[in-house]
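K.L.:
Build out the structure end to end from the sequences listed, making use of the hints.
Take the sequence shown: its position 90, counted from the start at 1, is 90 in UniProt numbering, and no numbers get skipped.
Read the hints as simulated data drawn from the structure, not as lab findings.
Nothing here was measured: the structure is a model prediction, and the numbers come from that model.
Be aware that one or more of the hints could be misleading.
Unchecked claim - For each label pair, taking beta carbons as the anchor points, the in silico distance ranges come out as:
#	residue 1	residue 2	range
1	F63	D147	36 to 44 Å
2	P30	S123	22 to 30 Å
3	G14	K127	29 to 37 Å
4	E138	I41	22 to 30 Å
5	E129	A77	14 to 22 Å
As the list claims (entries may be wrong) - Distance condition first, Cα-Cα at most 20 Å in a straight line; then the derived EDC-like pairs of lysine to aspartate or glutamate:
#	residue 1	residue 2
6	K13	E50
7	K13	E136
8	K13	E138
9	K127	D42
10	K13	E129
11	K126	E62
12	K13	E97
13	K13	E96
14	K13	D42
15	K13	D147
Heads up, the beta-carbon is just placed ideally off N, CA and C, and yes, glycines get one too.
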Amino acid sequence: MIAHILAANAVAKGAAEHGHHPFGAVLVGPDDTILMRQGNIDTVHHAETELARRAASAYAPEFLWTCSLVTTAEPCAMCAGTLYWANIGRLIYGFEETTLLALTGDHAENPTLNMPSRTVLASGQKKIEVHGPFPEIEEALVAPHRDFWRQ
Numbered sequence: 001m002i003a004h005i006l007a008a009n010a011v012a013k014g015a016a017e018h019g020h021h022p023f024g025a026v027l028v029g030p031d032d033t034i035l036m037r038q039g040n041i042d043t044v045h046h047a048e049t050e051l052a053r054r055a056a057s058a059y060a061p062e063f064l065w066t067c068s069l070v071t072t073a074e075p076c077a078m079c080a081g082t083l084y085w086a087n088i089g090r091l092i093y094g095f096e097e098t099t100l101l102a103l104t105g106d107h108a109e110n111p112t113l114n115m116p117s118r119t120v121l122a123s124g125q126k127k128i129e130v131h132g133p134f135p136e137i138e139e140a141l142v143a144p145h146r147d148f149w150r151q
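P.N.:
In structure tokens, the structure reads:
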């Protein structure tokens with residue numbers, strides 16, 4: 001799981017290098033290979049949402065149920081909901097949204113919701129498996145955010 005989170009972090013760093021928010025996500029198949037990568041685009045087009053939408057267009061729901069969406073930061077309510085509707089069976093994230101809020105404050109481009117992804121996913125009828133956070137790699141995942149949100 002950690003190797004895939006670090007792969008998502010490489011995507012996040014690439015997004016930041018192109019002026020986008022430093023979030024990244026990867027779709028991991030049942031054979032542990034990365035099938036798709038997605039960086040953040042903007043305030044509405046989050047990495048996780050865009051990845052889940054692309055995956056839902058490319059793969060059958062039954063296949064996606066065996067896949068994992070792996071992301072650097074805990075998905076917001078919009079992203080967790082999109083993962084749910086795309087039928088992706090597992091979520092793996094690196095650090096909590098409360099950590100992100102501490103970094104971004106009231107930044108207009110990231111008005112963080114206080115709604116844990118586990119709460120969103122537990123509200124549905126499907127049992128989505130959730131893993132995270134991973135404190136042992138949090139510093140590496142948070143690093144791209146430190147300077148970005150001060151700009």
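K.L.:
Against the 20 Å threshold, does the CA-CA distance of K13 and E129 hold or violate the hint?
P.N.:
Violated. K13 to E129 sits at ~26 Å, over the 20 Å cutoff.
K.L.:
Mind checking the alpha carbons of K127 and D42 for me, to see if they're no more than 20 Å apart?
P.N.:
29 Å, violated
K.L.:
Given the hinted pair K13 and E50, is their alpha-carbon gap at most 20 Å?
P.N.:
With Cα atoms ~17 Å apart, K13 and E50 stay inside 20 Å; holds.
K.L.:
Given the hinted pair K13 and E138, is their Cα-Cα distance within 20 Å?
P.N.:
14 Å, holds
K.L.:
Taken at face value, is the distance from the CA of E97 to the CA of K13 at most 20 Å?
P.N.:
18 Å, holds
K.L.:
Evaluate the given range 29 to 37 Å for the C-beta pair formed by G14 and K127.
P.N.:
For G14 and K127 the Cβ distance comes to about 33 Å; the hint holds.
K.L.:
Measure nothing beyond the straight line between the CA atoms of K126 and E62; if it is 20 Å or shorter, mark the hint as holding.
P.N.:
13 Å, holds
K.L.:
For a C-alpha distance cap of 20 Å, please report whether K13 and D147 respect it.
P.N.:
12 Å, holds
K.L.:
Is 36 to 44 Å a correct range for the gap between the Cβ atoms of F63 and D147?
P.N.:
Distance hint for F63, D147 holds at roughly 39 Å.
K.L.:
Going straight from one Cα to the other, do K13 and E96 come out at no more than 20 Å?
P.N.:
Roughly 18 Å between the alpha carbons, so the hint for K13 and E96 holds.
K.L.:
Do the alpha carbons of K13 and E136 lie within 20 Å of each other, as the hint requires?
P.N.:
19 Å, holds
K.L.:
Does D42 lie within 20 Å of K13 when you go C-alpha to C-alpha?
P.N.:
At roughly 14 Å apart (the allowed maximum being 20 Å), D42 and K13 satisfy the hint.
In this structure, the earlier hints numbered 9, 10 are contradicted, and the remaining ones agree with it.
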